[in-house]
Every structure is written in C-alpha cells, then in structure tokens.
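Sequences are here, hints too, so could you generate the full structure?
Under the working numbering, think of the first position of the sequence shown as 1, with each following residue one higher.
Since the hints were derived computationally from the structure, they do not count as laboratory data.
Even for Gly, the Cβ is constructed at its ideal location relative to N, Cα and C.
Any given hint might turn out to be false.
[Unchecked claim] Have a look at the derived ranges for each label pair, beta carbon to beta carbon:
| hint | residue 1 | residue 2 | range |
| --- | --- | --- | --- |
| 1 | N219 | I324 | 21 to 29 angstroms |
| 2 | E140 | R336 | 44 to 52 angstroms |
| 3 | S325 | L398 | 17 to 25 angstroms |
| 4 | A285 | A63 | 48 to 56 angstroms |
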Amino acid sequence: MGMSNMIGTGLRQWVGRAVLGVGASIAAAGSCAAGSNPIGLAFDPGFGTGGFAALPRHPGADAATTITPIGIVHLDASGGYVSATLQRANNIPRIVLTRYTESGQLDTGWGNGGSQMPALPSPYLDSGTVNAIRLVAGSESGQDIFYVAFSLPGTPGYSVAVAKFFASGAFDGNFGFGGYAVSALPVSAPNGLRELRGAAFTQVFGLPVLVVVVAAPNNRLVFSRAHGSGTAALSDQGGGSSIVFGNSPNVLQMRTNGPNHVELVGNSGDEAFYGDYDAGTLSLASRTFRFPCPGGTSASAIDALERPAGWNGDVLVMGRAACISLGTVAVVARMRDIATAPSAVWLARTETGGVCVPGGLNLCPQVMLAYSDSYPNVAITMTPQNKLVPVDTADGSLLAATPVNALGPDSYAQHSSYRGIVFRYPRLVGFGLQIPAVNGLAGLFVDGLFIDGFQ
1 MGMSNMIGTG
11 LRQWVGRAVL
21 GVGASIAAAG
31 SCAAGSNPIG
41 LAFDPGFGTG
51 GFAALPRHPG
61 ADAATTITPI
71 GIVHLDASGG
81 YVSATLQRAN
91 NIPRIVLTRY
101 TESGQLDTGW
111 GNGGSQMPAL
121 PSPYLDSGTV
131 NAIRLVAGSE
141 SGQDIFYVAF
151 SLPGTPGYSV
161 AVAKFFASGA
171 FDGNFGFGGY
181 AVSALPVSAP
191 NGLRELRGAA
201 FTQVFGLPVL
211 VVVVAAPNNR
221 LVFSRAHGSG
231 TAALSDQGGG
241 SSIVFGNSPN
251 VLQMRTNGPN
261 HVELVGNSGD
271 EAFYGDYDAG
281 TLSLASRTFR
291 FPCPGGTSAS
301 AIDALERPAG
311 WNGDVLVMGR
321 AACISLGTVA
331 VVARMRDIAT
341 APSAVWLART
351 ETGGVCVPGG
361 LNLCPQVMLA
371 YSDSYPNVAI
381 TMTPQNKLVP
391 VDTADGSLLA
401 ATPVNALGPD
411 SYAQHSSYRG
421 IVFRYPRLVG
431 FGLQIPAVNG
441 LAGLFVDGLF
451 IDGFQ
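The structure is reproduced here in structure tokens:
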C-alpha cells in the first residue's frame with residue numbers, strides 16, 4: 001500500500017483514501033508509488049481494479065449511450081455504495097442505479113448484473129446537464145433507504161418528482177404511489193418551479209423526511225417535504241414554504257443538521273450564503289457574508305460545510321473568494337456564529353491567483369473536502385486548480401500543496417464535484433474519469449507523515 005515511508009520515532013501517521021478521478025490507463029494507475037510526492041498520494045490498489053471501478057452500461061441502454069454521473073451514496077447499515085447515472089434507452093434519458101461493494105467491486109447480484117433502470121420518467125436536464133437530479137441516503141427502522149429527487153418538465157413550469165428505494169433496489173411501495181410521488185405546484189410559486197437545487201434527509205418529529213429545495217421565479221426558494229413512510233407525498237400544499245431573496249441563492253450543498261433541520265450553503269449574488277431550514281416549523285434562518293481578503297473582496301461562495309465534534313457550534317467551511325489583490329482564492333475556515341454573525345476563528349488560503357469567478361460559479365470548480373472526526377486535526381481539500389492541500393484544523397496552518405499531476409505522467413487525479421463524493425473514513429469515494437471517455441469511481445490512497453502536535 002505504499003506505506004514503507006510511514007515508519008519513524010516521534011512521528012504519527014494520518015491515513016486516508018480519497019476517490020477523485022483518474023486519467024489514462026488502469027495499469028498505469030496501479031503502478032504509482034505512495035512516496036512520489038509530499039503527502040504520499042497513490043492509487044489505492046484495494047479499491048476496484050488498480051484503484052478504479054467502471055460505471056457499467058445498463059443492458060437496456062443504447063449501445064452508444066453516454067454514462068453521465070449524477071451522485072453517489074453510502075449504505076451505512078448494509079455497506080457498499082449506490083451510484084446514479086444518466087444513460088439513454090431508445091435515445092431517451094433514463095436514470096440508472098448501480099451498486100458497489102465497500103472495496104469498489106460491482107455487486108453483480110444486485111439488479112441486472114449490478115445495475116437497474118427503475119421505471120421513472122425521463123428527468124429534466126438543466127441546460128443539458130444533470131444539475132436538477134439528486135441522490136440522497138438515509139435510514140428508517142434500522143435499514144438503509146435512499147431517494148432520487150429530480151425535476152420534470154411541465155406546462156407552464158416544472159414539477160419535482162421523488163422516488164424512494166430500499167437498499168435492495170426495490171421501490172418502497174408505501175411511499176407515494178408504489179414508491180414514486182410527483183409534486184403539485186406550490187401555491188407560493190404560482191408561475192412554476194425552475195429547477196431542483198438540493199435535497200437532504202432528516203427526521204421531523206421522529207418521521208423520516210426528505211427536504212427538497214427548488215428555485216422558483218422572482219428570486220424564491222421553495223422548500224417541500226417528502227414524508228418517508230405512509231402514503232404521504234410531497235407536501236407542497238400547506239407543507240411547502242417559499243422564501244424570497246434579493247438574489248435567489250445558488251445552493252451548492254445541503255446536509256442534515258440534526259432532527260428537523262437541514263443546512264444549505266452556496267452563494268447569493270456575490271455573497272457567500274448559509275441557511276438553516278427547520279422542516280418542522282417551515283422556517284429558514286439565513287445569512288450572507290464575504291470571506292475576508294487583504295484589500296477587500298468582490299465575491300464569495302461556500303462550497304461545503306462540516307460540523308466537527310467538540311467545536312461547540314463552530315463549523316468547518318470550504319469555499320472561494322475573489323480577492324481584489326490576490327485574484328481568486330480558495331479558502332478553508334473555522335467559522336463562528338455562521339447563522340447570525342459569521343466570523344472566522346481562523347482562515348486558510350489554500351490557493352491564490354485563480355481566474356475563475358466565484359459569484360458566477362459556472363466558471364469556478366468547487367472546493368472539495370475530506371474530513372473525519374476519527375482524525376479531527378486535519379482536513380484535506382482539493383482546490384479549483386487541482387491541488388491537494390492538508391489544513392491543520394487547530395489553527396489553519398498548511399502543509400505543502402500537492403499538484404495532483406504529481407501522480408505520474410500518464411495517470412492523474414481529476415477534480416470531482418462535491419455532490420459526487422462520499423467520505424467514509426478512511427476512504428473518500430467519488431466520480432472520476434478514465435481517458436478515453438470511460439466514467440467510473442476511482443480510488444486514491446493518501447498517506448503522510450505529520451509531526452507531533454499536528455496529528
């Protein structure tokens with residue numbers, strides 16, 4: 001596993017596995033050495049084949065179909081991963097689910113050789129992409145469940161569909177109509193929905209609930225709840241709530257924040273956006289701000305958020321800022337009072353001098369996070385310019401950044417969207433790309449030597 005360089009008196013080791021993306025051949029991927037760069041980056045031979053697991057074409061899909069990643073979730077109770085992709089059958093876009101084992105092997109006993117194409121309508125594709133489709137996992141009565149939420153085109157606007165599954169891949173027949181539900185247009189957004197912005201699983205008064213948020217006209221976000229049990233469907237009428245903003249927030253991540261609550265981060269115009277939605281009272285507490293920069297900043301965005309144990313309400317955030325004197329800057333920060341009066345306990349600038357536009361976001365790849373309470377003193381990010389940067393979570397000090405092309409001339413990591421990543425210490429699993437044009441999951445083994453006091 002490339003760990004011969006990990007031995008030494010007075011040194012401690014941090015070990016993690018990150019799954020990002022892969023270029024070139026699987027054979028080349030398996031030959032990289034862990035000691036080839038400052039933090040020991042190498043493909044993980046224990047994941048898939050040489051660190052790579054392909055996303056298969058469903059037998060019912062067209063022979064020439066593209067396979068576009070949508071999302072991936074971990075099944076906490078039964079183990080393994082479920083990925084969602086978009087494939088074409090009879091030239092119609094269809095959602096395909098695939099299950100993998102913990103080690104990245106295709107679970108051939110699941111579905112049709114490891115994949116299934118559930119009986120769902122063709123989703124709406126936002127500008128030809130899968131931005132309006134989300135895959136979310138949770139648990140109910142001790143067993144794994146997962147949802148697929150997506151936008152549907154309609155007249156005059158759009159609606160939101162939700163399908164609920166068990167870990168076996170079967171629909172939950174007690175949800176909606178045979179496991180599937182479609183929303184009516186919320187009364188608070190009479191001109192129709194535009195696109196699904198995010199979804200997160202929580203529990204409301206002890207009942208499993210999926211919270212979905214969609215963009216609506218006139219700078220609105222509309223929140224709706226899909227009850228996980230019984231015959232209830234999306235509760236747009238009476239259960240939905242609409243929040244009006246000066247600039248409709250662009251939601252980049254949603255996550256559970258305990259019972260009743262989900263958190264949202266992203267940007268609203270040129271401001272970083274944070275929101276905490278109470279799915280019990282249907283209320284949203286939100287705040288916008290900018291990350292501090294020398295000489296000022298013209299835009300900020302939050303890409304991801306975690307709540308480390310023992311931080312007494314402080315959060316770990318990753319994002320970007322357009323600094324007037326430094327160009328585009330990738331940041332990692334410990335933030336206090338993020339919902340009321342955000343202030344940085346410490347802020348680390350992990351990359352400077354980029355040319356993307358955080359406020360526009362489509363020009364600026366998101367910052368990726370790898371963090372685990374099992375090893376709470378370090379967070380690792382991948383910057384928009386594809387550098388892997390470890391950050392000391394005690395004070396924000398940095399170790400040397402590692403360009404991902406340091407893996408070798410023929411194999412390299414690729415930046416993966418945050419929605420396509422699952423962190424289950426010691427492995428981070430996400431979508432990657434094997435050239436030429438083979439999509440899949442890819443495994444990187446990350447190790448390093450950190451001096452006492454850092455780890």
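For each hint, the structure was consulted:
no., hint, verdict
1, N219 - I324: 21 to 29 angstroms, "holds (27 angstroms)"
2, E140 - R336: 44 to 52 angstroms, "violated (34 angstroms)"
3, S325 - L398: 17 to 25 angstroms, "holds (19 angstroms)"
4, A285 - A63: 48 to 56 angstroms, "holds (51 angstroms)"
The structure is inconsistent with hint 2 alone, although it conforms to all the rest.
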